[in-house]
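So the sequence shown is numbered by full-length UniProt numbering: it starts at 1 and just counts up by one.
Just to be clear, a hint being listed does not mean it is correct.
[Said to hold, decoys possible] When the alpha-carbon atoms are kept at most 20 Å apart in a straight line, the in silico SDA-like pairs for lysine to any residue are as follows:
no., residue 1, residue 2
1, K31, F292
2, K31, W271
3, K103, A223
4, K203, M273
5, K148, F202
6, K148, A223
7, K203, W271
[Claimed, not checked] Computed Cβ-Cβ distance ranges for the label pairs, DEER-style:
no., residue 1, residue 2, range
8, P55, H226, 42 to 48 Å
9, D277, V311, 45 to 51 Å
10, S308, V262, 24 to 30 Å
Bear in mind the hints are in silico, worked out from the structure with no lab data behind them.
Where a beta carbon is used, it is the ideal one built from N, C-alpha and C, also for glycine.
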Amino acid sequence: MRVINNHEVLVNDGEHLLSEASARDYFELLKPRVMSLVVFTAFAGLVLAPGHINPVLGLISILCIAIGAGASGALNMWYDADIDAIMTRTARRPIPAGRITPKEALAFGLILSCFSVVILGLAVNWLSASILAFTIFFYVVIYTMWLKRSTPQNIVIGGAAGAFPPMIGWACVTNSVTIESTVLFLIIFLWTPAHFWALALFKMRDYEAVGVPMLPNVSGERATKHQIVAYAVLTAVCGVVPSFLGFASAGYGLVAASLGAVFIYCSIAVWRMPDGDPKMIPAKKLFAFSIFYLFAIFSALLIDRLASMLVSHAGGLL
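All chains should be built: construct the whole structure from the sequences, respecting the hints.
Written as structure tokens, this is what we have:
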């Protein structure tokens with residue numbers, strides 16, 4: 001039994017009881033929605049990188065990155081089981097719902113973490129494996145165990161963990177970290193605060209109930225809205241940088257600028273939303289669009305790269 005902000009939370013320690021978890025429960029531990037974004041951006045980094053990687057090694061790379069991301073999710077759920085039991089959007093997760101014990105989740109996460117890093121290092125290269133290992137450590141230890149419950153800037157600093165996958169994918173091909181892969185990292189890093197604070201605005205009561213110092217709860221809605229707009233602008237600007245660096249075309253730049261303009265427009269709608277608005281419709285719309293924005297930006301980069309390859313191939317045949 002743990003007590004959080006006067007809430008009594010029963011969390012099974014798993015010492016004398018093994019759960020009867022299904023494969024679906026373990027899959028849920030991996031945070032599949034987050035994993036899908038990780039896999040997609042890592043794949044983009046792998047495809048955008050100059051050079052060539054054997055398709056089998058490319059598949060192994062993506063698989064290891066996916067497993068590492070899932071391991072991070074499992075370890076996050078293990079540590080956060082106490083507050084997950086209180087928050088409405090997380091109460092049905094496998095551990096607080098009693099379908100998996102904390103010790104099982106911990107063992108599952110640690111085994112997958114080690115497996116993903118070792119296999120990536122042995123099969124591909126140790127630079128990409130080292131970045132993957134650091135990503136897991138950063139998300140679990142730096143963000144989950146430290147920043148999340150100690151500072152309203154938790155998601156700003158901790159967002160770096162979600163920004164590493166395209167850099168890992170790039171390193172799998174090139175065995176290097178370059179300015180281009182850093183830009184891919186920055187797009188996600190700068191996108192995260194506006195995306196997550198939009199969620200935090202309409203989930204303020206949940207975070208208040210568990211004592212997590214999210215920015216709206218600590219600094220208020222108005223300060224959060226100001227920062228959402230600022231980060232939306234920075235994200236929109238960073239989104240067009242690949243065109244200026246030459247690893248994406250002007251056509252991509254126009255698409256990225258258009259997506260960025262809509263992102264800023266949605267953030268301004270949140271800024272104009274009255275404080276204390278019970279429906280929080282603009283915040284919910286920004287949250288939904290922010291997810292679309294990131295998938296669209298990386299899709300545009302992939303399509304642009306594919307078009308460039310087709311043009312080069314056609315030119316070689318002439």
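Hints, one by one, checked against the model:
no., hint, result
1, K31 x F292, "18 Å, holds"
2, K31 x W271, "30 Å, violated"
3, K103 x A223, "39 Å, violated"
4, K203 x M273, "16 Å, holds"
5, K148 x F202, "18 Å, holds"
6, K148 x A223, "19 Å, holds"
7, K203 x W271, "17 Å, holds"
8, P55 x H226: 42 to 48 Å, "47 Å, holds"
9, D277 x V311: 45 to 51 Å, "49 Å, holds"
10, S308 x V262: 24 to 30 Å, "25 Å, holds"
The earlier numbered hints that this structure contradicts are 2, 3.
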